[in-house]
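Asks: Generate coordinates for the entire structure from the input sequences, incorporating the hints supplied.
Protein chains: 2
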Amino acid sequence: MDLMQILDDVLLIPESSKQLLASHFEMLQGSKGQVLFRTQTIGRSLYFLSQGLARAYTLLDGLEVTFWFGWEGSPLLSMKGYVAKEYSYEDLELLEDSVLFRIHADVLQGLFASDIHIANWGRVFAEKELAKAEERLISRQVKTAEVRYRELIATYPDILLRAPLRHIASYLGVTPVTLSRIRANIS
Amino acid sequence: MDLMQILDDVLLIPESSKQLLASHFEMLQGSKGQVLFRTQTIGRSLYFLSQGLARAYTLLDGLEVTFWFGWEGSPLLSMKGYVAKEYSYEDLELLEDSVLFRIHADVLQGLFASDIHIANWGRVFAEKELAKAEERLISRQVKTAEVRYRELIATYPDILLRAPLRHIASYLGVTPVTLSRIRANIS
DNA sequence: AATGGCGCTTTACAAATGATAAGAAATCGC
DNA sequence: GCGATTTCTTATCATTTGTAAAGCGCCATT
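Heads up: the sequence lines are chains A and B, in that order.
Reminder that position 55 of the first sequence reads as 55 in my numbering, one-by-one numbering, no gaps.
Reminder that position 122 of the second sequence reads as 309 in my numbering, one-by-one numbering, no gaps.
Source of the hints: derived by calculation from the structure; they are not laboratory data.
Heads up, a few of these hints could be off.
[Said to hold, decoys possible] When the alpha-carbon atoms are kept at most 25 Å apart in a straight line, the in silico BS3-like pairs for lysine-lysine are as follows: (1) A:Lys132 x B:Lys330; (2) B:Lys319 x A:Lys132; (3) A:Lys132 x B:Lys315; (4) B:Lys315 x B:Lys205; (5) A:Lys143 x B:Lys205.
Replies: The structure is reproduced here in structure tokens:
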């Protein structure tokens, strides 16, 4: 997925503003296992995943809890770092060799302050992420792990081939043992 | 809490832009039990709660699942309606007689398009809500209901006096029976 | 081909939670 | 003010989920 497509998917803005915004992104490669940012650091960049797979997790009593997956086109950011400018509570790890686009948060701030179309692009970006976060929140509260597992593999069938099951179990909020039981029940 | 305070809490913007934004809000009263918007309607307004208490819930198999509380200063909006302009999955109900500020979504859209300061106000509004949603999502995945109950009453002690326990139990993701056991364990 | 490591499943048991119902306390409506 | 309803707690039992450990299959290395 290329950068222009990613920017367009958020909000269509005039070509000149889009070019200005795009010009401040840099493309970089990341390799499987690499950690993009860590707990207790202030994430000062916004990334988009062009190719690859990533997950976000926190450490709880020495155990990793995966709470997010990112695919092609997904934004990678630490909310606490990007928005609140506080220490983040999350690590972000690449699960595959990946291609990323990066822009520094303070550069983005400057563009928001000077270009209304970019400001509205940033607004819609945050709004869409908010809608997704709300949907995940409600889904977790309302639906069982089994239903959410079915929905996950219906939406992203290849996640099973690309991510270890223990990360998927953690994402669903159950242990690998319980996920095995769910899978045995279904098939 | 007055409107200027609410707007300032999101982001400080020049006085003229703030006045312009504020001028499009209207103040209204709501009474306990009133439903502000319903599932399957497109929420075309953004509200702020000046005084009172509210909750958002969805119906699941005929049962209400509360997933959000709003206090003085909280924004009341249907994400699906406000952001995605799709049918919402939530009902929003006032738990007390309340005072609200309302602005219509399409009026707000017009202001975003014409005033860069208001556009950035809207961006920061969405970003802050996103940070809160992420925090709740992770909290829900990582922490037990007991810990989240302790944190809820530590942050909002009067919620116990203002909201029925069954709504709090639902919000925490457990049955009222389990919440009773948690409370018996603590005190 | 054998070996060891890793990821996933399965089993057995323990702990936590839900469902149901009953009872006490508070609240509401007339 | 008083009965009726609602709300919360408590108790009992069934179900689900977690924990720990064992087993299996796959893959890489030698």
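Asks: Compare the structure with each hint and give your call.
Replies: Status of the hints after comparison with the structure:
no.: 1; hint: A:Lys132 x B:Lys330; verdict: holds, 21 Å
no.: 2; hint: B:Lys319 x A:Lys132; verdict: holds, 13 Å
no.: 3; hint: A:Lys132 x B:Lys315; verdict: holds, 14 Å
no.: 4; hint: B:Lys315 x B:Lys205; verdict: holds, 18 Å
no.: 5; hint: A:Lys143 x B:Lys205; verdict: violated, 41 Å
Hint 5 from the list above is the single one not met by this structure.
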